[in-house]
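Protein chains in written order, with numbering that gives the first Met the number 0: chain A, 0 to 241; chain B, 0 to 241; chain C, 0 to 241; chain D, 0 to 241.
Hints are computed from structural coordinates only; laboratory data are not their basis.
Here a beta-carbon is modelled for each residue, glycine too, at the ideal position from N, C-alpha and C.
Straight-line Cα separation of at most 25 Å, DSS-like style, residue types lysine-lysine; simulated pairs:
| no. | chain 1 | residue 1 | chain 2 | residue 2 |
| --- | --- | --- | --- | --- |
| 1 | D | K119 | D | K106 |
| 2 | C | K106 | D | K106 |
| 3 | B | K106 | A | K109 |
Partner residues aside, some chain B positions facing chain C, computed with beta carbon under 10 Å:
| no. | residue |
| --- | --- |
| 4 | K119 |
| 5 | T126 |
| 6 | W130 |
| 7 | V131 |
| 8 | D133 |
| 9 | G155 |
| 10 | D159 |
| 11 | R165 |
| 12 | T166 |
| 13 | S170 |
| 14 | W171 |
| 15 | E173 |
| 16 | G175 |
The residues making up each chain are set out below.
Number of protein chains: 4
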Amino acid sequence: MTLDVTVWNENVHERESESVAERYPDGIHGAIAEGIETQLSDVSVRTATLEEPDHGLDEATLEGTDVLVWWSHCANDEVSDAVADRVVDRVHEGMGFVPVHSGKNSKPFKRLMGTTCNIKYRHGGDTERVWVSDPGHPIADGLPESFEIPETEMYGEPYDVPEPDRTVFVSWFEGGEVFRSGICYRRGRGRIFAFRPGHEEYPILFQEEVRQVLANAVRWAAPTEGAEAVYGEVDPSHRRDD
Amino acid sequence: MTLDVTVWNENVHERESESVAERYPDGIHGAIAEGIETQLSDVSVRTATLEEPDHGLDEATLEGTDVLVWWSHCANDEVSDAVADRVVDRVHEGMGFVPVHSGKNSKPFKRLMGTTCNIKYRHGGDTERVWVSDPGHPIADGLPESFEIPETEMYGEPYDVPEPDRTVFVSWFEGGEVFRSGICYRRGRGRIFAFRPGHEEYPILFQEEVRQVLANAVRWAAPTEGAEAVYGEVDPSHRRDD
Amino acid sequence: MTLDVTVWNENVHERESESVAERYPDGIHGAIAEGIETQLSDVSVRTATLEEPDHGLDEATLEGTDVLVWWSHCANDEVSDAVADRVVDRVHEGMGFVPVHSGKNSKPFKRLMGTTCNIKYRHGGDTERVWVSDPGHPIADGLPESFEIPETEMYGEPYDVPEPDRTVFVSWFEGGEVFRSGICYRRGRGRIFAFRPGHEEYPILFQEEVRQVLANAVRWAAPTEGAEAVYGEVDPSHRRDD
Amino acid sequence: MTLDVTVWNENVHERESESVAERYPDGIHGAIAEGIETQLSDVSVRTATLEEPDHGLDEATLEGTDVLVWWSHCANDEVSDAVADRVVDRVHEGMGFVPVHSGKNSKPFKRLMGTTCNIKYRHGGDTERVWVSDPGHPIADGLPESFEIPETEMYGEPYDVPEPDRTVFVSWFEGGEVFRSGICYRRGRGRIFAFRPGHEEYPILFQEEVRQVLANAVRWAAPTEGAEAVYGEVDPSHRRDD
Chain A
0 MTLDVTVWNE NVHERESESV AERYPDGIHG AIAEGIETQL SDVSVRTATL
50 EEPDHGLDEA TLEGTDVLVW WSHCANDEVS DAVADRVVDR VHEGMGFVPV
100 HSGKNSKPFK RLMGTTCNIK YRHGGDTERV WVSDPGHPIA DGLPESFEIP
150 ETEMYGEPYD VPEPDRTVFV SWFEGGEVFR SGICYRRGRG RIFAFRPGHE
200 EYPILFQEEV RQVLANAVRW AAPTEGAEAV YGEVDPSHRR DD
Chain B
0 MTLDVTVWNE NVHERESESV AERYPDGIHG AIAEGIETQL SDVSVRTATL
50 EEPDHGLDEA TLEGTDVLVW WSHCANDEVS DAVADRVVDR VHEGMGFVPV
100 HSGKNSKPFK RLMGTTCNIK YRHGGDTERV WVSDPGHPIA DGLPESFEIP
150 ETEMYGEPYD VPEPDRTVFV SWFEGGEVFR SGICYRRGRG RIFAFRPGHE
200 EYPILFQEEV RQVLANAVRW AAPTEGAEAV YGEVDPSHRR DD
Chain C
0 MTLDVTVWNE NVHERESESV AERYPDGIHG AIAEGIETQL SDVSVRTATL
50 EEPDHGLDEA TLEGTDVLVW WSHCANDEVS DAVADRVVDR VHEGMGFVPV
100 HSGKNSKPFK RLMGTTCNIK YRHGGDTERV WVSDPGHPIA DGLPESFEIP
150 ETEMYGEPYD VPEPDRTVFV SWFEGGEVFR SGICYRRGRG RIFAFRPGHE
200 EYPILFQEEV RQVLANAVRW AAPTEGAEAV YGEVDPSHRR DD
Chain D
0 MTLDVTVWNE NVHERESESV AERYPDGIHG AIAEGIETQL SDVSVRTATL
50 EEPDHGLDEA TLEGTDVLVW WSHCANDEVS DAVADRVVDR VHEGMGFVPV
100 HSGKNSKPFK RLMGTTCNIK YRHGGDTERV WVSDPGHPIA DGLPESFEIP
150 ETEMYGEPYD VPEPDRTVFV SWFEGGEVFR SGICYRRGRG RIFAFRPGHE
200 EYPILFQEEV RQVLANAVRW AAPTEGAEAV YGEVDPSHRR DD
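Input sequences plus hints: build the corresponding full structure.
As structure tokens, this is what we get:
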């Protein structure tokens, strides 16, 4: 069964910064999509960006999406409320959602979390070591106990999110900070995995381990069948004369 | 130290239905406030309703509120987005929030949960038995192992909320349904307890055990000091030459 | 890839009670095994019982087991500490563990939980309605929103277990009680699902929905690859001159 | 209301190592007890050690203990099974339990967790920075956003414990590792807080922030009243002719 993945990217840094454009010639979405396609055989990946009508996330596209991977940063506020709500609704129905890096500031993620999602941060190329804190989790499949990202933007605790269902990764930064870099949630029928690495100033989304994590996350976040659910006004389920 | 409690009520049924007005002559907010004042000695309780300017929840009032108890039902959509966001922001800062009965459909609760909060329901006066599923929880302090509500509106599973941090009560209904009737969360620094009982068609908010639960919840949800938190851009915490 | 399932049963009631023997002519283990084989195509099921050497759970058998389904009741104390620890160790390594009914009182389950696992109970044939409280969970795949067990032994809250990772089912009983009937945990790399239904005095383990749940649980609890994990004394991961 | 705290220490390093004896002239238990007494006014602290009869933890002592703080390391195996089980039973009844440093390897903690509690470690005096990851938690009351322990033994992830109810602290180590240094659980009615810092080779248990955390933990882990709980065989709670 083919998994339908949509990789969404605001695609702004690529158009405004020459260095980002050189680093990610097919856009950050292109790099993420390529990584998923390389890692998974039974997957169909499309991309969508902010500038498209409906940001490329019209109802039919979302309806046909099993897992939405989301990269955003400077243009989070330009995403329309209607599209953000549409994404949230689809997550409730079962679509997986994988915000990457500052996608944690996106409207859909913040609406799904109900918190500010605030962090501390620092530019300047800290080395990051991403530790697997939950080696039994499927999103860690096939990984070493830790991997290094040579240079990145730092994110530091506290991370103002609800206590995660599972904390799969915790990062160490050269400058002295730590961060829960891979955290899992469910909202309605939808699985959510927020992954920290992926800054636009470094070629992180080409790194092998990062691609492995994202591929694992796509598989983990895929919708499952589940049970029937009935909401609204109902008659009694049990009667005295049953 | 006095705890500042605000009891908010949409106060619509009381004005539109004679029978509700007779049952709750001081409004549902009045009955809840009286119950809390009776149970707790070190508390200052005020009330606020939908019809007041800012729904009675201007910034100064919320700033001075330790715990907000919230009853709403038919007028959830009439609460302004601005006030709903203000409540959410104050919860993030540490204010306790206790939605009662269909307060689970209020804008603040749904924004804090990130889910639909859907349920099934039935009018008609089912008997409900509220079981303590977590007898070690402070919100269950002083309660028997279960208590009966002779007649009520039924709420049934599935309850579309995030997996609770703690499930304190689970209800049994005569007609064959069950419901997680008392569930705990934290969002930011704020504690949230959603309590199911409290339908306007029955004198439930005068019942002793219900008042005990609400008083316990107010104490439990009160803000605590916590630690400093720094967000935004920062210098390294550790330097090689430290 | 074939899933290796071992169904363990104390197999005492079947030998001591004529009515149980008639109801479960191949033993409760036989009924469970048949149900799993009927529901899943890619599975190899063996059975083991208390009376066998090592209770049929020698190291090689456990090593070759992906998921252990466990039924026990009156002979929980006769399981040797060594075998109980061996089961616990294998769960830590990744083996799934599915205690059924009073298997919740088994040594392995209690050691994995760290609590008493106490409940209240009643014989006498209550009707039970099992509600899906988490319709998005894979253990609920394909189920209606609830199903009825016409007659059973009642289990009632409080259920003295750690707050579950996920609560998939909550049961309603005719006599007025409720119970968290399907709860999920992880310990080490191993997935645990404790399922309430399955009393020996009724043909519950032949019931279609029960078999569906157990098959779903076996698939859900199957080991996954995971990441490398290094324990013990280590050299620094990061050096100043890196 | 006075809180009765017992500080337990194996008290072996102090007797076998001159440098530890000099660093902790009143024993590690003495240093912990002094810290708690200094921080909390309404507390009565006693100490107990391995060498005493019943390890100083006879039934009357445990019965009279609200919170048990536990330090152990090299002699974890010398604690008798009977005393370990007695501690576990008291936690189930409501006694708070605060294992410090390698107290995470103690029999009571491992029995309460149901996992191996394995970690990686390194001697040699890494600098540790303890970050508050949950600034709204009462165990973090009054703390800065992080504090430094100049020299310590390192503990590194993965930490083989059940996913914590709350993760209050996450540590950064100079050598490149991270660790969930303060984690909360409940088992039965008892609250558990496992705190990482506290190695015998450094004067960590005299450090102000460490003492603040332990005092906060003692207050947080104190028993609360809770509700009645009935276990065992029961009559129906609801009757048709009620």
